[in-house]
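Asker: Line by line, the protein sequences are chains H and Y.
Residue numbering for the first sequence follows the numbering used here, beginning at 1 and increasing consecutively.
Residue numbering for the second sequence follows the numbering used here, beginning at 1 and increasing consecutively.
Just so you know, not all the hints are guaranteed correct.
Keeping only pairs whose Cα atoms sit at most 30 angstroms apart, straight-line, the calculated BS3-like set for lysine-lysine is [said to hold, decoys possible]:
#  : chain 1 : residue 1 : chain 2 : residue 2
1  : Y       : Lys3      : H       : Lys176
2  : Y       : Lys357    : H       : Lys111
3  : Y       : Lys316    : Y       : Lys273
4  : Y       : Lys212    : Y       : Lys189
5  : Y       : Lys320    : H       : Lys176
6  : H       : Lys170    : Y       : Lys41
7  : Y       : Lys495    : H       : Lys176
8  : Y       : Lys189    : H       : Lys170
9  : Y       : Lys320    : H       : Lys144
10 : Y       : Lys461    : H       : Lys170
11 : Y       : Lys358    : H       : Lys3
12 : Y       : Lys2      : Y       : Lys22
13 : Y       : Lys480    : H       : Lys111
14 : Y       : Lys327    : H       : Lys123
15 : H       : Lys144    : Y       : Lys41
16 : H       : Lys3      : Y       : Lys3
17 : Y       : Lys3      : Y       : Lys41
18 : H       : Lys183    : Y       : Lys522
19 : H       : Lys162    : Y       : Lys189
20 : H       : Lys170    : Y       : Lys2
21 : H       : Lys111    : Y       : Lys358
22 : Y       : Lys475    : Y       : Lys405
23 : H       : Lys162    : Y       : Lys22
24 : H       : Lys176    : Y       : Lys461
25 : Y       : Lys2      : H       : Lys3
26 : H       : Lys89     : Y       : Lys22
27 : H       : Lys144    : Y       : Lys212
28 : H       : Lys176    : Y       : Lys316
29 : Y       : Lys580    : H       : Lys89
30 : H       : Lys111    : Y       : Lys580
31 : H       : Lys3      : Y       : Lys495
32 : H       : Lys3      : Y       : Lys316
33 : Y       : Lys475    : Y       : Lys495
34 : Y       : Lys405    : Y       : Lys22
If you're looking for bench data, these hints aren't it; they were derived computationally from the structure.
Just so you know, these numbers come straight off a predicted model, no measurement behind them.
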Amino acid sequence: MNKNINLLLAGVGGQGTILASRIIAYAAQCSGLTVKLSEIHGMAQRGGSVVTHLRMGEDVYSPLIEPGTADIIIATEQLEAWRWLPYLKEGGTVIVNSQQIPPVPVILGLKEYPSGILERLIKNVPQTYSLNALESARAAGNEKAANVVLLGLLASRMDFDKECWEEALKAVLPAKILEPNLKAFQTGYHYNNE
Amino acid sequence: MKKTLMTGNEAIARGAYEYGVKVAAAYPGTPSTEILENAAKYDEIYAQWSPNEKVALEVGIGSSLAGARTLVTMKHVGVNVAADPLMTFAYTGVNGGLVLVSADDPGMHSSQNEQDNRRFAKFAKVPLLEPGDSQEAKDFVGLALEISEQFDIPVMLRTTTRISHSMSEVTLGERGNDGLQTCERNAQKYVMIPAYARVRHQLLEEKLVKLKEYSQETPLNGIEWGDREVGVISSGICYQYVKEALPEVSVLKLGMPYPFPESLVREFAAGVKKLYVVEELEPYLEEEIRALGLEVTGKEIFPLNGEINASMVMEKIGGKAMSQALKLTDYRPEEIPLRPPVMCPGCPHRGVFYVLKKLDLIVTGDIGCYTLGCLPPLEAMDTCVCMGASIGVALGMEKADPNLKGRVVAVIGDSTFFHSGLTGTLDIAYNLGSSTVIILDNRTTAMTGHQEHPGTGHTLKNEPSEPADLVDVVKALGIKRVVVADPLDLEEVEKVISVEVASPESSVIIFESPCALMVAEKGAAARVEQEECGYCADCVSLGCPAMVNDTRAEEVRVTGELCRGCGLCIQVCDFDAIQKAGESGE
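So here's chain H without its partners, still in its complex pose (with noise of 0.2 angstroms):
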């Protein structure tokens, strides 16, 4: 069990974590890995914190990751990350949009936002990739492709074949969209994090 690939990904509610994880998934699957993804629906996504586990690998029995065993975490904002972190193993890497979103105590001013998350998601992990997806989604023509930004940089970083990308953002995304969202991957993938 320990050959298994589990990654974390956790964001907004509205934010498309579940789309980018069944492109994912799909990838996988393209790639020969048996696959269990496992996402929430209903009121947890009305602008709430949204996580879903995907595990990979041969033996993969349970769909959920357990607290300090993610390979990689992608979060498409930054508190998320955060917030989820506890969850990330030994060595693992982060990927996270640096977009911040306020919640709800923070908008109303009960609570602040946590300064300086990406720093001390860098002295924590040191396999941590920070970018602004959300701008690099603007200029591949489709603000709501960050999360596939993101995509882009994890593919970069994984050794699924490249068609097998492709064919998964064919399979799970609009047709209508596709087109700014392969931008939007393009980008990430060839995103150079120094």
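Mind docking chain Y on chain H? Use the hints.
Answerer: For chain Y alone, kept in the frame of chain H given last:
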């Protein structure tokens, strides 16, 4: 064989297709909704949203008696609504096979309770199947239909959120067994007057004896021998957690937990030194095991509420931690603000709750996105029990305490009103109530992902249909005062509510405005002119995610890309400091 990734829900729909289901009916409810959405994609299946689960099951009964293989789906609490037909349908039995899917929600990701419907199967005396992944979800639909037809009985297929909403690989097959059984007219079987029902009950008990023999023989229930020191009995998603945490132990997996496979359980218990049972929620299997006089450890170490996971199994049975926690520096969980769900920017419900709070009314609430009106900062809801309860509860309050007359309003959505609000409204009208019912009509079933309902003008199969007119419906129920108003006009909202609440007669207010997620066009975003702003933060109390209260800078800002331009913040601002972008003096 082609393998494809599917959620449990997609796989159940696929199973319905492959195993010849002709009719499928449901009312949407998390985590069951996507089953019917996917079943509707197959031309060979007639699929429909019924107004509620009771009607859905009754449609299913009719379809079965007419000879078709039939699928009826609902969330766990939906089975409460459908319980009346279910309990007697077990007596009549089926003609075409019928599968009732109950999608339970341990952990209450999106539900008002976490009842365990395995108990419902036993209570109704119908066989119960529990799949453990998407492949089984598909296969078990076929087996359930076979059992249903072989034993002349409806079958419950129970999933949980982690089965319904997890994806795993499924091998696809072709559609088979597409025929209809002959529609037989048989009053003694299908008319449940006492004389006939007594006979049917006796027959049902006889069927259950045969079904118990079946469950002891079927490969749905099977032993996986491993280390004999520890044996674990489990089913559904918990089986996966056991295999993940303790791959070496012996396991008895129950794909068909009811009727309980007694002899198989005895054989397993005799073959292991220490016996455990791992199950979420109720000690359902545990009680069955104990009734056999066997010793077993279950709920003394596992919780009666919430979900189980592999870590918990490892810790409680394996006696060690599953993983090492990551050592983190400068990490303080208490500084991480929670991110609860919230009404979307532009949501037409927001203004109504803002006014209800301002008027300090007692609000009996209901089930839908608008239940979020109970959370800060709106905090304008006092009760929420089940679908449609807002209306009866409002009437009960005013009947109990005359001082509450004119202070209680019921708030209910359009889809929920069609589901269970009609009879409550009839009760208010007939029993001389004075309560005001507010119907938040956003022309969709929003919470579960925008399903059609009788008021939308379209069916699940996307055929145009005559939309039920809420005004006509409410008037026909005997309500004389019916007002239609715009929920995005706060002055109008306040006026209408104040007048109707003060009226000694019962009344219904229908606030009409489509769900913000269904309106493609965004209005011009609002912007705060900082020079004009008095920083009273009234606009913040709308609880709009597009509005940020920066307490350090002492200013309120609008996040332009989130704002839908609904204009509520502009209306509540006493300083005229908020304007639509493009309308300022700059």
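Asker: Could you run down the list of hints and mark each one as holding or not?
Answerer: Outcome of the hint check:
no.: 1; hint: Y:Lys3 x H:Lys176; result: holds (26 angstroms)
no.: 2; hint: Y:Lys357 x H:Lys111; result: holds (23 angstroms)
no.: 3; hint: Y:Lys316 x Y:Lys273; result: holds (17 angstroms)
no.: 4; hint: Y:Lys212 x Y:Lys189; result: holds (23 angstroms)
no.: 5; hint: Y:Lys320 x H:Lys176; result: violated (50 angstroms)
no.: 6; hint: H:Lys170 x Y:Lys41; result: holds (19 angstroms)
no.: 7; hint: Y:Lys495 x H:Lys176; result: violated (45 angstroms)
no.: 8; hint: Y:Lys189 x H:Lys170; result: violated (52 angstroms)
no.: 9; hint: Y:Lys320 x H:Lys144; result: violated (43 angstroms)
no.: 10; hint: Y:Lys461 x H:Lys170; result: holds (25 angstroms)
no.: 11; hint: Y:Lys358 x H:Lys3; result: violated (58 angstroms)
no.: 12; hint: Y:Lys2 x Y:Lys22; result: holds (24 angstroms)
no.: 13; hint: Y:Lys480 x H:Lys111; result: violated (47 angstroms)
no.: 14; hint: Y:Lys327 x H:Lys123; result: holds (12 angstroms)
no.: 15; hint: H:Lys144 x Y:Lys41; result: holds (26 angstroms)
no.: 16; hint: H:Lys3 x Y:Lys3; result: holds (22 angstroms)
no.: 17; hint: Y:Lys3 x Y:Lys41; result: holds (19 angstroms)
no.: 18; hint: H:Lys183 x Y:Lys522; result: holds (25 angstroms)
no.: 19; hint: H:Lys162 x Y:Lys189; result: violated (61 angstroms)
no.: 20; hint: H:Lys170 x Y:Lys2; result: holds (18 angstroms)
no.: 21; hint: H:Lys111 x Y:Lys358; result: holds (24 angstroms)
no.: 22; hint: Y:Lys475 x Y:Lys405; result: holds (22 angstroms)
no.: 23; hint: H:Lys162 x Y:Lys22; result: violated (41 angstroms)
no.: 24; hint: H:Lys176 x Y:Lys461; result: holds (23 angstroms)
no.: 25; hint: Y:Lys2 x H:Lys3; result: holds (25 angstroms)
no.: 26; hint: H:Lys89 x Y:Lys22; result: violated (48 angstroms)
no.: 27; hint: H:Lys144 x Y:Lys212; result: violated (53 angstroms)
no.: 28; hint: H:Lys176 x Y:Lys316; result: violated (50 angstroms)
no.: 29; hint: Y:Lys580 x H:Lys89; result: violated (47 angstroms)
no.: 30; hint: H:Lys111 x Y:Lys580; result: holds (28 angstroms)
no.: 31; hint: H:Lys3 x Y:Lys495; result: violated (65 angstroms)
no.: 32; hint: H:Lys3 x Y:Lys316; result: holds (25 angstroms)
no.: 33; hint: Y:Lys475 x Y:Lys495; result: holds (21 angstroms)
no.: 34; hint: Y:Lys405 x Y:Lys22; result: violated (50 angstroms)
When held up to the earlier numbered hints, the structure conflicts with 5, 7, 8, 9, 11, 13, 19, 23, 26, 27, 28, 29, 31, 34 and fits the remainder.
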